[in-house]
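What follows is the residue order along each chain.
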Amino acid sequence: MLANLPQLIIGLADLTAAFLFLYGLQRMSSPATAPSGILVAGFGMVAAVLASFLYVFSVSAAAQPHLCANIALALTALIIGGGLAWLSGKRVAMTAMPQMVALYNGMGGGAAGAIAAVELFGNKTQGATQLLVTLLGALIGAVSLSGSLIAWAKLDGVIKKPLRVKGQQAVNAVAMIAALTVGGLILYATLGGAPVLLATPTWIYIFFGLALLFGVLMTLPIGGADMPVVISIYNALTGLAVGLEGFVLQNPALMIAGMVVGAAGLLLTLLMAKAMNRSVANVVFTNFGDAPKQVQGAIKGSLRPVEASDAGIAMRYASKVIIVPGYGLAAAQAQQKLYEFVKLLQAAKVDVKFAVHPVAGRMPGQMDVLLAEAGVPYDMIFQLEDINEDFATADVALVIGANDVVNPAARTEKSSPIFGMPILNADKAKQVYVVKRGEGKGYAGIQNALFYGDNCNMVYGDAQAVLIKMIEAVRGLGAAAA
Amino acid sequence: MDLSITMTGFVALYVFVLAAFAGWVIIGHVPAILHTPLMSGSNFVHGIVVVGGLYALLNASTTQEQVIGFIAVLLGAGNAAGGFAVTQRMLAMFQTSDAKPMTHHLHGHAHARVHHLKKR
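Each protein sequence line maps, in turn, to chains A and B.
For the first sequence, the numbering used here begins at 1 and goes up steadily by one.
For the second sequence, the numbering used here begins at 483 and goes up steadily by one.
These are calculated hints, taken from the structure and not from any lab test.
Since this is a predicted model, take the numbers as computed values, not measurements.
Backbone N, C-alpha and C define an ideal beta-carbon position, used for all residues, glycine too.
Please note: incorrect hints may appear among the correct ones.
As the list claims (entries may be wrong) - Covered stretches of chain B (in silico footprint by chain A; criterion: 3 or more residues with CB under 8 Å from a CB of chain A, positions within the stretch not fixed):
id : stretch
1  : 500-506
2  : 518-531
3  : 551-561
4  : 564-574
Kindly produce the complete structure, drawing on both the sequences and the hints.
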């Protein structure tokens, strides 16, 4: 019994971790309980990591002489890896959150790939099934690592433009097929066949090289606005890789956690793709900007510029205002100023709400976090399906840094590339104010009929500067009255 | 008493299918407003891979295994620690307007939703 004690403790700790992860994620279904949810999951993680040091009581005879060195290495890796990531996670700006999530996600994929590498190089797997699963986990983990790193580089601005060459899809397909073929060779050689051309360890290196290459090639052509889908996909893939390696190591905690995340990532991927009215395959395999430009139906009317101060005062005397924030607001770092303006309106008894589109931001729900960071209470933030009816009764819709997500062409114009995408019905409000840097087009490169509507006014300028003017104008009113 | 777990074939598939289903259902109930913390939270959860890395490293018998195992633990620990840190920071930012007097009225769908959120 006593000899089994370490195993028992490890088993119980892993079981506890798996349960706490599920319970913690479940608590994340409401902003009120969510902070405790991540704490609960954190306890599970700490328990599982501490317990795994009990593996020292059951190491193989071959590893016995290296045990002290291995323990030292493990502690060093934990402290360096965990410490650096902890510090960076505590310091990163909220606008830079998507690239950090991509980076941590890539690390997880890389760890899963590395575990598979130990199994493969050491020829530790037993039977065809285990070997196949190891290879699959290695492939997915490596793709997730290199793909996430490219996603990080794109989001961080290290890579500025989507890299697209002719025949890219053919190159990607060749890389994938090559990786699968090499995987097949490894499978064949390990299961007793004669090594083909090269020794098996060499093939394993080539296998990982091809998988990493595929991740890079697959991610390079994807444009910045498709990042919410890409991040979700890689989150799902890392989860899957972890789950598969969990099977190889016969560790149910890894299997459960990995699969839960895999399913979660898949769900978010589908939600994001739906919010853009595109299939996942369309995001990954075609390039939005490359679609042949449709002939634009002539838009009647003209753009009507107004002063920021006039727009601010108009909102002060409105009774119901709905604000549509887009990524441009975050790019201008103007969330704080926006909420300052909103508080002034609220003090004047104006009903103010925020309407957030699912793809406003660089990852699912990023705009909600950015508003929360600025201090906006979450019960003022509404999602598309909850608020779209309200625009018809709103006096003013204030659109800041958003474009395609309020383009009525998505509802009416069949030839438009964004036709069918769910949009916020800002055009239904009595008055629309659009804060924009200039007369440029949105990401989709199409004109926005909303801007030409009879009820629309354009406020040109940097979002931060415009909001400061609005705040001054409304404050000025208060001072004049007093 | 043998406590070792051997999961092969269908037993493993059962675990996978049930876990995936649980993940789908749990995540399906999370409102869109929490999608970013949720993604980063689930990102943290797959940081459990560090446990697999520790297993590999502690059982390493060659220099190659030690190097790869070290990388696995390094990356896995980064995944877990970073994922936790950012998720916790984000979630701490979500506040209700309960603390302040409500200056506006909520109604319809929206009201029901917010009410539902507060109750939990």
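Results of checking the hints against the structure:
1. 500-506: holds (count 6)
2. 518-531: Coverage by chain A holds for the stretch 518-531 of chain B (14 residues, Cβ < 8 Å).
3. 551-561: Contact hint for the stretch 551-561 of chain B vs chain A: holds, 11 residues under 8 Å.
4. 564-574: Three-residue rule met by the stretch 564-574 of chain B, so holds; n is 11.
Consistency with the previously given hints is maintained throughout, with no hint failing.
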